[in-house]
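> Spelled out, the chains give:
Protein chains: 2
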Amino acid sequence: MADIEFQIFSWEALHEFAARVLQSFGVPVAEANTAAEILSLSDLRGIDSHGIARLPAYVEMLSIGRINPRPKLSIVRESLSTATVDGDNGLGLVIGPQAYAITMDKADHAGTGWVAVRNSNHYGIAGYYVLKALERDQIGWAMTSTTKVVAPLWGAERMLGTNPIAIAFPGFEEPPIVIDMASNPAAFGKIEMAIRKGTEIPEGWAIDKEGYPTTDPHQMVQGGAMLPLGSVRERGGHKGYCLSAMVDLLCGPLSGANWGPFTPPFTMQHAEPPRQVGKGLGHFFGAMQIDAFRDVDAFKRSIDDWVRTFRRTKPAPGTDGPIIPGDPERQAERERRVGGIPLIRPVIDELIAVSNKTGIPLDEPKDR
Amino acid sequence: MADIEFQIFSWEALHEFAARVLQSFGVPVAEANTAAEILSLSDLRGIDSHGIARLPAYVEMLSIGRINPRPKLSIVRESLSTATVDGDNGLGLVIGPQAYAITMDKADHAGTGWVAVRNSNHYGIAGYYVLKALERDQIGWAMTSTTKVVAPLWGAERMLGTNPIAIAFPGFEEPPIVIDMASNPAAFGKIEMAIRKGTEIPEGWAIDKEGYPTTDPHQMVQGGAMLPLGSVRERGGHKGYCLSAMVDLLCGPLSGANWGPFTPPFTMQHAEPPRQVGKGLGHFFGAMQIDAFRDVDAFKRSIDDWVRTFRRTKPAPGTDGPIIPGDPERQAERERRVGGIPLIRPVIDELIAVSNKTGIPLDEPKDR
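Chains R and Y are the protein sequences, given in the same order.
At position 261 of the first sequence the residue is numbered 260 (numbering that gives the first Met the number 0), and the sequence of numbers has no breaks.
At position 39 of the second sequence the residue is numbered 38 (numbering that gives the first Met the number 0), and the sequence of numbers has no breaks.
Here chain R stands alone, though its shape is the one from the complex (with noise of 0.2 Å):
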């Protein structure tokens, strides 16, 4: 990000101002934190395009009745280990929490525990939930559907989201392994990166209108669509198609929310869906108690012992060889914790217009 301009706030003074204009708009104070605690980590992480980049598009949402501000939470059909839940349209940021609660309790009582989630909105960062679940000596499983974004192998048009997975295994020494990723190449952020900067895409990521591969990002975006993971046939473009279309179904047609080209859009820049097939967007979520198949403190040192034999693992030329999932997010969250968020500049614009809208403060940059 050297050639685009970019100023460093703290994490503190974002989180402050998020939870604000959230609450300006009706969300309760508890809420609100919750919503911000989610931004603010995915701005320590280095998931940029998650964090407090978001919020214009909430506060839009918001603003204009969209999305309900204090959402009543129920249970619209439950089991020993599942539920499903409805989220009364509110903010994913507030309904995904309060579920995955669901979903750690039950697998308290149960051993592990699933929720399918519909009638949500965008729930930021996956790997929130299941960092959660790692406080309670839980496997952390979550899952969300998206807009739609992605081609099936052999489909010329957007029919998926990049559906994110995450799932976190504790270490008893060593960190945990948190795997957080999107069911795709790359994120779209990307696309809109390589704009910006007057670049190419790298082949494999995208198709045009007419279907054909491209590396010219305004192709994709006017009107082509993302590939899946494999991006095609020969490279196991199939399996992609796969992993993306599982991440679907279970978090639309379990939960009776909408799936695939009806998932509803994240901001209103987006058309609305030629049809409505359930409510609102869905999660799936799951927990597992670790003592539930395996002694903990064995499990644990299995999960050491798996991510020091993989650190040691022998390197491709020209690499220092293989990281553990999560490994990047940890590193930027050390960093940031310290020494700050950089913020690019349209951002910056967009929540200062949001500060300028609500007459909530938007902190000044630290100084570097």
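Hints were generated in silico from the structure; no laboratory data involved.
Don't take every hint at face value.
Which copy? The list can't say, so a pair holds if one copy fits it or any two copies do.
As the list claims (entries may be wrong) - The calculated lysine to aspartate or glutamate pairs, modelled on EDC-like cross-linking and capped at a C-alpha distance of 20 Å, are: (1) Lys278 - Asp87; (2) Lys131 - Asp107; (3) Lys356 - Asp319; (4) Lys189 - Asp207; (5) Lys278 - Asp290; (6) Lys313 - Asp207; (7) Lys196 - Glu332.
Given chain R's structure and the hints, the job is docking chain Y onto it.
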């Protein structure tokens, strides 16, 4: 396969042969029949690499006492929705179905069932298990670790297996969506096929023993490795590595089985791992009662809608459009139940050797 000599056998003849051969090594009748059912289902569904072609390897392991023909499965830990099972070093084709029955029973009682298996061996196609769950209106999950052959991203050696994931969702009028995929771009069998045919392999499948990308299948086999889904960093190879790691962690450390590079080899042709970090090979099974989440018919009608919607996707140029996961296997099964199973000469020769060794006749091939 037009350029490779093959003959057609009826699936019933192969099923009968496999069952009798396994019995001759002490496997009880009912268990031998189930094992043969998995092998022949694989052949019927067109997954030739996992069908009768594997019988000689199972025979080899049984004949030298490496696999226990009469295992007593034990539950070493359990909760309402979970169990950890020790497979007593039995055939995976015997332990897998027994462990999966426990999984589905747990789901009947607790809404979901999750079973980690250790001390097992290779269990055939993951798809077999998830198809069983469909018969009980459950969503089935199956994963297994396999012998190391895949490098983690930025690694230059084999550390992970091809680690398949299967999951299936039943339709109402439409066929089920059945995902059953290895977590890397291509099966190892396709490398062997390229060697047999003298062709190159696609870019993105493999590295040589120094860790450099290669399209020469010999370079991969001679100390090289396969790449994870996504192949390289810029096309999401870190995500394929995460996916493979997820399967490995759920099958290995969670059950107490060996994991990663310590996963036991499938046949005697592979070197023994340098140390043991658990017991035998591990699997991870799941089953979710649909009615623990949603009305079963409403769910199945959503699946029908999903299937029809995705079949109507605008096709990419030069294709007939996206297919539904499970379509190719269904098509193969329709053809092969009637037309028989084509076996290539090297497989037939190995089966004849088994027949000679055991005295059990391999039925004459069908007339074509």
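> Hint by hint, say whether it matches the structure.
Cross-check of the supplied hints:
1. Proximity of Lys278 and Asp87 under a CA criterion of 20 Å is satisfied intra-copy only: 9 Å inside one chain copy versus 47 Å between copies.
2. Taking CA atoms no more than 20 Å apart as the test, Lys131 paired with Asp107 passes inside one copy only; the shortest distance there is 14 Å, against 28 Å between copies.
3. Taking identical chains as interchangeable, the C-alpha atoms of Lys356 and Asp319 are never at most 20 Å apart, the minima being 48 Å within one chain and 51 Å between chains.
4. For the identical chains of this complex, Lys189 and Asp207 are intra-copy neighbours only, at 16 Å inside a copy versus 31 Å across copies, given an alpha-carbon limit of 20 Å.
5. Taking identical chains as interchangeable, the C-alpha atoms of Lys278 and Asp290 lie at most 20 Å apart only when they sit on different chains, with a minimum of 18 Å there against 36 Å within one chain.
6. Within a single copy, Lys313 and Asp207 get their C-alpha atoms only as close as 39 Å, which misses the 20 Å cut-off; across copies the closest is 13 Å, which meets it.
7. Taking the shortest alpha-carbon separations for Lys196 and Glu332, neither the intra-copy value of 26 Å nor the inter-copy value of 51 Å comes in at or below 20 Å.
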